[in-house]
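**Q** Chains as they are written, first to last, in the numbering used here: chain A, 109 to 606; chain B, 109 to 606.
One thing to keep in mind: the hints can contain errors.
Heads up, the list lumps identical chains together, so a pair's fine if it works in one copy or across two of them.
Here are the simulated SDA-like pairs of lysine to any residue, each with C-alpha atoms no more than 25 Å apart in a straight line [to be verified]:
id, residue 1, residue 2
1, Lys245, Lys323
2, Lys503, Glu385
3, Lys229, Asp451
4, Lys155, Ala487
5, Lys229, Asp564
6, Lys141, Asp459
7, Lys155, Leu284
8, Lys141, Lys503
9, Lys194, Pro137
10, Lys141, Asp212
11, Lys141, Ala511
12, Lys227, Tyr542
13, Lys155, Leu237
Hints were generated in silico from the structure; no laboratory data involved. Because the structure is a prediction, the values reported are computed rather than measured.
2 protein chains.
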Amino acid sequence: MTGAENLGLSHLESQREYTMSAQNDLVEPRTLKGFQDLLPEEVIARKAVLDAIEAVFQRYGFVPLETPAIEHLDTLLGTGGEETNKELFRLETPEQEPVALRFDLTVPFARLLAQYPDKLKAPFRRYALGPVWRADKPAPGRFRQFTQLDIDAAGSDSVCVDAEIVSVMCEVMAALGVPRYTVLVNNRKVIDALLDGCGIHDEARQKHVLRVVDKLAKVGIDNIRLELGPGRVDESGDPIPGVGLDAGVIERVVAFIGIDGDSRAAITDALAAALPESALATAALAEMRELDEALTALGVAEANARFAPSLARGLDYYTGPVFEMTLPDAPAFGSVMGGGRYDGLVARFLDRPIPCTGMAVGFDRLMAALFELGLVPQAKTTVQVLVVTVGKVAKHESLRLAAELRQAGVRTETYFASKKKMAMKNQLSHADRYGIPVAVILGEDELANGQVAVKDLRAGKAEREDIADHEAYREAGKTGQVTVARTELVRTVQELLA
Amino acid sequence: MTGAENLGLSHLESQREYTMSAQNDLVEPRTLKGFQDLLPEEVIARKAVLDAIEAVFQRYGFVPLETPAIEHLDTLLGTGGEETNKELFRLETPEQEPVALRFDLTVPFARLLAQYPDKLKAPFRRYALGPVWRADKPAPGRFRQFTQLDIDAAGSDSVCVDAEIVSVMCEVMAALGVPRYTVLVNNRKVIDALLDGCGIHDEARQKHVLRVVDKLAKVGIDNIRLELGPGRVDESGDPIPGVGLDAGVIERVVAFIGIDGDSRAAITDALAAALPESALATAALAEMRELDEALTALGVAEANARFAPSLARGLDYYTGPVFEMTLPDAPAFGSVMGGGRYDGLVARFLDRPIPCTGMAVGFDRLMAALFELGLVPQAKTTVQVLVVTVGKVAKHESLRLAAELRQAGVRTETYFASKKKMAMKNQLSHADRYGIPVAVILGEDELANGQVAVKDLRAGKAEREDIADHEAYREAGKTGQVTVARTELVRTVQELLA
Numbered sequence: 109m110t111g112a113e114n115l116g117l118s119h120l121e122s123q124r125e126y127t128m129s130a131q132n133d134l135v136e137p138r139t140l141k142g143f144q145d146l147l148p149e150e151v152i153a154r155k156a157v158l159d160a161i162e163a164v165f166q167r168y169g170f171v172p173l174e175t176p177a178i179e180h181l182d183t184l185l186g187t188g189g190e191e192t193n194k195e196l197f198r199l200e201t202p203e204q205e206p207v208a209l210r211f212d213l214t215v216p217f218a219r220l221l222a223q224y225p226d227k228l229k230a231p232f233r234r235y236a237l238g239p240v241w242r243a244d245k246p247a248p249g250r251f252r253q254f255t256q257l258d259i260d261a262a263g264s265d266s267v268c269v270d271a272e273i274v275s276v277m278c279e280v281m282a283a284l285g286v287p288r289y290t291v292l293v294n295n296r297k298v299i300d301a302l303l304d305g306c307g308i309h310d311e312a313r314q315k316h317v318l319r320v321v322d323k324l325a326k327v328g329i330d331n332i333r334l335e336l337g338p339g340r341v342d343e344s345g346d347p348i349p350g351v352g353l354d355a356g357v358i359e360r361v362v363a364f365i366g367i368d369g370d371s372r373a374a375i376t377d378a379l380a381a382a383l384p385e386s387a388l389a390t391a392a393l394a395e396m397r398e399l400d401e402a403l404t405a406l407g408v409a410e411a412n413a414r415f416a417p418s419l420a421r422g423l424d425y426y427t428g429p430v431f432e433m434t435l436p437d438a439p440a441f442g443s444v445m446g447g448g449r450y451d452g453l454v455a456r457f458l459d460r461p462i463p464c465t466g467m468a469v470g471f472d473r474l475m476a477a478l479f480e481l482g483l484v485p486q487a488k489t490t491v492q493v494l495v496v497t498v499g500k501v502a503k504h505e506s507l508r509l510a511a512e513l514r515q516a517g518v519r520t521e522t523y524f525a526s527k528k529k530m531a532m533k534n535q536l537s538h539a540d541r542y543g544i545p546v547a548v549i550l551g552e553d554e555l556a557n558g559q560v561a562v563k564d565l566r567a568g569k570a571e572r573e574d575i576a577d578h579e580a581y582r583e584a585g586k587t588g589q590v591t592v593a594r595t596e597l598v599r600t601v602q603e604l605l606a
Numbered sequence: 109m110t111g112a113e114n115l116g117l118s119h120l121e122s123q124r125e126y127t128m129s130a131q132n133d134l135v136e137p138r139t140l141k142g143f144q145d146l147l148p149e150e151v152i153a154r155k156a157v158l159d160a161i162e163a164v165f166q167r168y169g170f171v172p173l174e175t176p177a178i179e180h181l182d183t184l185l186g187t188g189g190e191e192t193n194k195e196l197f198r199l200e201t202p203e204q205e206p207v208a209l210r211f212d213l214t215v216p217f218a219r220l221l222a223q224y225p226d227k228l229k230a231p232f233r234r235y236a237l238g239p240v241w242r243a244d245k246p247a248p249g250r251f252r253q254f255t256q257l258d259i260d261a262a263g264s265d266s267v268c269v270d271a272e273i274v275s276v277m278c279e280v281m282a283a284l285g286v287p288r289y290t291v292l293v294n295n296r297k298v299i300d301a302l303l304d305g306c307g308i309h310d311e312a313r314q315k316h317v318l319r320v321v322d323k324l325a326k327v328g329i330d331n332i333r334l335e336l337g338p339g340r341v342d343e344s345g346d347p348i349p350g351v352g353l354d355a356g357v358i359e360r361v362v363a364f365i366g367i368d369g370d371s372r373a374a375i376t377d378a379l380a381a382a383l384p385e386s387a388l389a390t391a392a393l394a395e396m397r398e399l400d401e402a403l404t405a406l407g408v409a410e411a412n413a414r415f416a417p418s419l420a421r422g423l424d425y426y427t428g429p430v431f432e433m434t435l436p437d438a439p440a441f442g443s444v445m446g447g448g449r450y451d452g453l454v455a456r457f458l459d460r461p462i463p464c465t466g467m468a469v470g471f472d473r474l475m476a477a478l479f480e481l482g483l484v485p486q487a488k489t490t491v492q493v494l495v496v497t498v499g500k501v502a503k504h505e506s507l508r509l510a511a512e513l514r515q516a517g518v519r520t521e522t523y524f525a526s527k528k529k530m531a532m533k534n535q536l537s538h539a540d541r542y543g544i545p546v547a548v549i550l551g552e553d554e555l556a557n558g559q560v561a562v563k564d565l566r567a568g569k570a571e572r573e574d575i576a577d578h579e580a581y582r583e584a585g586k587t588g589q590v591t592v593a594r595t596e597l598v599r600t601v602q603e604l605l606a
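One chain only, chain A, in its complex shape (with noise of 0.2 Å):
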């Protein structure tokens, strides 16, 4: 037994000074939950995505816009909905008004748009990037901060706008190599066509069916027929309610919604025989064969853009067309982008309406969709050549190795470390840890001759990893290295880069 006790107080022991130290002196090093921290491979894959997405963007005639993180919480209250109300991240400044992080790009667009008429007359189209946040539970690939890539214009309540928008969205993946994607499409008025045919009037209502209608893919059909109707009980045992519509108008609206076709023509010919007569209808079917026949003029294939009957999107604020983008190789991920016509939206801010279209990238999502196709850029890092020096060589002599390297656009790193790290295997172990191609070696005898060793590292790395003695090591580690006069060493490299 006393065995067992010293085992047990010795376990508290250790628990006791773990926390006293973490008490007294470590702060644990942590990511806050549903936020990422992005190493150099991320962050350089991203950046060539998003460079690419950025060039579509501006061959679209969109120009850049930033504002700030943080937002009058009044601005974005009541703009998207209920939910993204509660998933506000809250603070207050200084002198104790009420903000909030923005929850998406569009918000602050729609604010721009009202508060500089002057420098933003309309038509006007801008892009932006940046990170939004959304205090929601996260999931795998659902962060609380992400990137949004964000297209809007301003000032037309045409279509073609909506079809460029679209366009924009195929151009997207098209850069990125996607070889399937489809972007579904609808109109909300047509949705409101319908309801209103039904008889449902109240704006609640209709957003409450819009709601149900949007869970299409992730519940069944069957399921949407529950929440139409009585309400059901969800995986969990957690209620539903439901909208509590007739078995009459439930069938009707279940029929609308799994409407499809060969085309985007003859699906509006479908809806259009499925609709009540209505002025609304008349002028929703007139915007969609409008739209059909733009996204024609702009080359968008039938494929690639589909009228999609079911497709509601969750915000409040859309009044018109709808658009999200599907991967069919990627199903997993969702919609990696999103958006619609907001009409109203910039009203909220000025005394007149400003029609407005636009769209926004999921960048994280999109990244992992991407991930998963086998279609992200991979490299681990920007880094070209690496100094590496063996024995007693001032270190100085690297900083003018590597500034001559530099001054050439080379991009080169040094290597200091301390003593017990410096030998030339630890130099090279590092230069493979992180990818770097080229190792430029200044050892005492090519100091004294004028000379340099300039080694491809992407030959022979695995040799090199199976040798412990140092000699041995460098010997055998000769593979891919030549010995050059210090006058040729730019060209040397840049002919190893190339």
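Knowing the structure of chain A, use the given hints to seat chain B on it.
**A** Positioned in the frame of chain A, the structure of chain B alone reads:
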């Protein structure tokens, strides 16, 4: 009297009406105090400068890392000193954890080093670009959200790395075309040796002296004397408590921080003569000599990096060399970059120290200084072509034309607006307003003949602005305009833009 009363009443009523409308409907569009919206011209200029700086960072072997905007409060608290603690923007997660917006990019880097010891094995150097937040008093050019561009090198205590940091600071300025710049360089160890020699051993007191000395440029030597002694009353009447040093010690400190000379070596000699002998002094002076040699090896001229015994730097975490970039031609902007060695910061998170050094660019201040110096790239837009339609041309023809140009990589905007804004004059004014250089004009005649007009808007811009009549406008405005076959469109535009 009745007239006057009426006047007063109607004034009141219109006031009330405005207030009600504001309360019921409109949210006033406004930017938070101390924050900034960046319009296209500014973002385009910033991106050009940022890209140039990033290229220099990469050339010195720094690789990119990103961390979230929000950190656990205990990660940040106490790292930058009392002032910084007070300036944190604090908030809470949905789980009620105390968190805060990061106030710099250095502390998050220290956290990463401790958190990912295998992935970020030292030596390791990284750069980071991003917003940071400090809730201090906003002033012209001083924002509560500002952008830092940060480099840090971990794992080496060699001043060779400090010298590389200083060299990066210089090369950034050279890359931006700044003709005159000087990095002020000092070493906390030198000041420590002085204070130690003067019998000031208490750490809180040492820090107080540092804070006072750091204000030299701002408040002048007489006020420094008072603050080192009994204290003083500032312009606003607030008392500033003094360190309480004896007159003799004050004069020694004042003489020491006034030391200057023709070269880094000469200043080091003068410091050596002024410092009381001690192990600390010997080590500090040896570091300064080695730093000088390293700067010379990197080709950093005496004029571009000067030893400045009065430089202390505000943040608490520095332990060795400190640096600050000054621009003699734009002195009002103060220091536009600054940094130093912080060998103790990682030990906050880890049971062993990792020596680090680095610097950050205060990007907003730098942009202001570059603007003052006339060195900011000027471009109002990234758009190259506006597609203009005249008369009864179907909207889709615009889209088709734009698609052709975009296909060829030309950054092309289409113009869709309300009917009353679709006159050619409106369209060309739009191009002028946003600085779009080329218009491609499609009219009924051109469309019928398979032609298109291409107009260089940089020519005859002034003329156009004076003409009110549309037809006369069109005729007079034909300066710089050619009509070409549709098949020649892309080539013609590309030649104009070349």
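**Q** If a hint holds in the structure, say so; if it does not, say that too.
**A** Okay, the hints, checked on the actual structure:
1. Lys245 <-> Lys323: The answer is within: 18 Å in one copy meets 25 Å, while 47 Å across copies does not.
2. Lys503 <-> Glu385: Result: close neither inside a copy nor across copies, 84 Å intra and 28 Å inter.
3. Lys229 <-> Asp451: Result: close within a single copy only, 16 Å intra versus 52 Å inter.
4. Lys155 <-> Ala487: Classified as both: same-chain Cα gap 11 Å, cross-chain 23 Å, threshold 25 Å.
5. Lys229 <-> Asp564: Between copies only: 22 Å across chains, 56 Å inside a chain, cut-off 25 Å.
6. Lys141 <-> Asp459: between (41 Å within a copy, 24 Å between copies)
7. Lys155 <-> Leu284: Both ways: Lys155 and Leu284 sit 12 Å apart in one copy and 22 Å across, limit 25 Å.
8. Lys141 <-> Lys503: Neither. Shortest intra-copy (43 Å) and inter-copy (49 Å) distances fail the 25 Å Cα cut-off.
9. Lys194 <-> Pro137: between (29 Å within a copy, 22 Å between copies)
10. Lys141 <-> Asp212: Classified as both; 20 Å inside a copy, 20 Å across copies.
11. Lys141 <-> Ala511: neither (42 Å within a copy, 44 Å between copies)
12. Lys227 <-> Tyr542: Only across copies: Lys227 and Tyr542 sit 9 Å apart there, 47 Å inside one copy, limit 25 Å.
13. Lys155 <-> Leu237: both (12 Å within a copy, 12 Å between copies)
Hint violations for this structure: numbers 2, 8, 11, all remaining hints satisfied.
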